[in-house]
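Sequence order for the protein chains is R and C.
My numbering puts the first residue of the first sequence at 1, with every later residue one more than the last.
My numbering puts the first residue of the second sequence at 1, with every later residue one more than the last.
These aren't lab readings, by the way, just hints derived from the structure by calculation.
All C-beta atoms, glycine included, are put in the ideal place defined by N, C-alpha and C.
From the structure, some residues in chain R lie toward chain C, with a derived Cβ separation under 7 angstroms:
#, residue
1, 228
2, 254
3, 269
4, 273
5, 276
What the simulated footprint calls covered on chain R by chain C, stretch by stretch (three residues with Cβ under 8 angstroms from a Cβ of chain C suffice, anywhere in the stretch; the number is not a length):
#, region
6, 161-173
7, 189-200
8, 229-239
9, 255-264
10, 288-301
Calculated cross-link-like contacts (lysine to aspartate or glutamate; reagent style EDC-like; alpha-carbon spacing at most 20 angstroms):
#, chain 1, residue 1, chain 2, residue 2
11, R, 132, R, 146
12, R, 295, C, 171
13, R, 295, C, 182
14, C, 226, R, 278
15, C, 167, R, 292
16, R, 283, C, 293
17, C, 226, R, 284
18, R, 283, C, 292
19, C, 160, C, 230
20, R, 162, R, 149
21, C, 101, C, 54
22, R, 283, C, 223
23, R, 321, R, 298
24, C, 350, C, 336
25, R, 285, C, 292
26, R, 283, C, 242
27, R, 211, C, 359
28, C, 14, R, 278
29, R, 285, C, 223
30, C, 14, C, 202
31, R, 285, C, 230
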Amino acid sequence: MLQDSIVRSEANATDRGEPIIRLDHIRRDFDTRGGHITAVDDVSFDLFPGDILCLVGESGSGKTTVARMAAGMLKPTRGHVFFEGKDIYEMNKEEFGNYRRAVQIVHQDPYASLNPIHTIGDMLRAPLLKHKICKSRAEATKRAGELLEMVDCRPVENFIDKYPHQLSGGQRQRISIARAMTLNPRVIIADESVSMVDVSIRVSLLNTMLKLRNELGVTFLFITHDLAVVKYFAWEGNIGVMYVGKVIEYGRTPGIIGRGFHPYTRALAAAIPEADPDLTRSKEKLQLRSLDIPKLTELPDGCVFHPRCPYWIQGLCDTTKPPLMRMPDGRLVACHAVQQAVERGDDPRDLAVTDQLANQIMRE
Amino acid sequence: MTDQTTAAMSRAEKDRVRGTAESTAPVILSVRDVSVEYKTQYGWMKAVNNATMDIRRGEAIALIGESGSGKSTLGFALLRMLVRAARVSTGEAIFTDREGKSYDLFKMSDKEFREFRWAKCAMTFQAAQNVLNPVMRISNTFYETAAAHGWTDKNAVKAKTLDLFRKVQLDPNRVFDAYPFELSGGMRQRVSIALSLLLDPELLILDEPTTALDIITQRAIIDVVKSLREQLDFTMIFVSHDLSLAAELADRVATMYAGEIVEYGPVRDVFYRPEHPYTVGLLNAVPPIVGEEFTPLVAIPGATPNLLNIPSGCPFHPRCPWATEICSTVNPGLRDIGGTHIVACHNSDKVTRDQEVWEGMEATSAAG
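Using the sequences and the hints given, assemble the complete structure.
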């Protein structure tokens, strides 16, 4: 409930009207061969028009599961997904249809997500005609051309009659974005949408998406494991850092990336090499107690991160789950050690290493 | 300076000069005009075009490039592990071992090469899970590899393997008798690195060693490779699309584009004073993670060329903001610009990190 009140009060304070999408304490369980797992546990956030929210985390953190629930592709085991104030699972058919049209997904793999036997024009025309956005084939073709222009596929003639195999990975991903834009969505959920694209192309793809946000007000829920991409794309937005199903830190991008509070956020930022030889070789490192993410079937008691955390507090972190708490600078952090530092009036990054000995053994 | 004085140099001195113009370490691998082609239904496709580079003993070389740049193909060609549809069409690669014996990699018989590979020069692959036989215990993979090279003393192999596991920070007792599926991706990658070092190779080639691993696991692999280099004496070539990995691990960096090495030099020269527009473009496209300042990024316009239809002249000229007339007709070829920094660009003296140069281009060219 604590998290609930915090997220809500932020919403009221900024008075941004009603969120387009509200995830309210969503949880998702799966029964796997290995046992019962909770892939996402008690995640809440609001997306307002024009927001950019990035969910970052390693594999198994639940970020894609959150995205699928936000898109209505997966029903939460507990909790609610609201679209414009209405629970999507209490909508009538028409309302649900509107929601599905308003929230579109761009997938990770541009080689798998485009049907190889259709031309780009066919792919873009089909939804336009089916949803009666365009009345005739000619009108749909014209609109398809505009969509291609919108995603910087110029000149349009070079694309519209092509098949996916005739395009590069970056071009295909642009087509995926154009297709997601056919129904004038208000939200785009991009799941690792640039991770399979080469570096030199990645920036222009991100620029195209930023343009959709800045010019058309499209809201983005962006899922990625790449902090460099997040830093660029979500500079004006928010980041939620996820770890085995939970959001452990949430706030404005610059502070989270540049100065994370949660030990896991800091470990991620410290682990990434920089494209600068002197910088990367002198970068502050954060040594974790264990390299391995716990199995989702055997989650530790207390804070799920404590078995890896160099700052864990014995008797607290291994018994009590830390709630997401608001920090003085406005971000939310779920960490006992950070919370205690803040209460003492200390720098939340200046934490005491719990057991030096264990740390040294790891290093050897 | 003779080899004797090199040997007498202090460790710190060796570390300081390694990968710089001052290095006097002997050349372990000399690659000359190597071209590799793949047979396709449209004809022979040139994946590597006249690659030339010298690799000095003890150095770490990064081959950096995007998909289709030929970086992995070059790595595979050096170990003669290309698929059947590929051939080395020109060039030679001469390996000189510790004792000064030379091996012509592309002229050795298959039998000679089987003895050479892994003993002198080993490789770890991108998909470590596919390297380890799923129905074989890790221990048997090590025994089998050793036996293939005539090393049949199982106790000695086991002792060596356990030692390597400790060096790559694996729990030896847990891993030795495990099956690959019992290990995480990062652990399998470390097993694969240990396997490549089983026969004390002088040269290790790593193909995308951290790709597809989680961030913290990547860091573990990087740290393992670093500590291995401090403890063991091997030369390393690693192939990656990740510039930051090169910044972290390499003594020298080679940038590849459309099958050509377009820049090769000491890591700090390439990162701080890049002379090839493509290297500059790559550097402009990756932000630093540290710091609370926004870093504007600039995309390289256009897309990487189809290797069946590589642009004339300099292959990068259609995407290059500094391109002049000569660039579309004459391939610049690699040229030494001093300090063992070589670059293939007609206009390298004009190239700067100034981002504005690129901005006009992005708007006008077809997006990639």
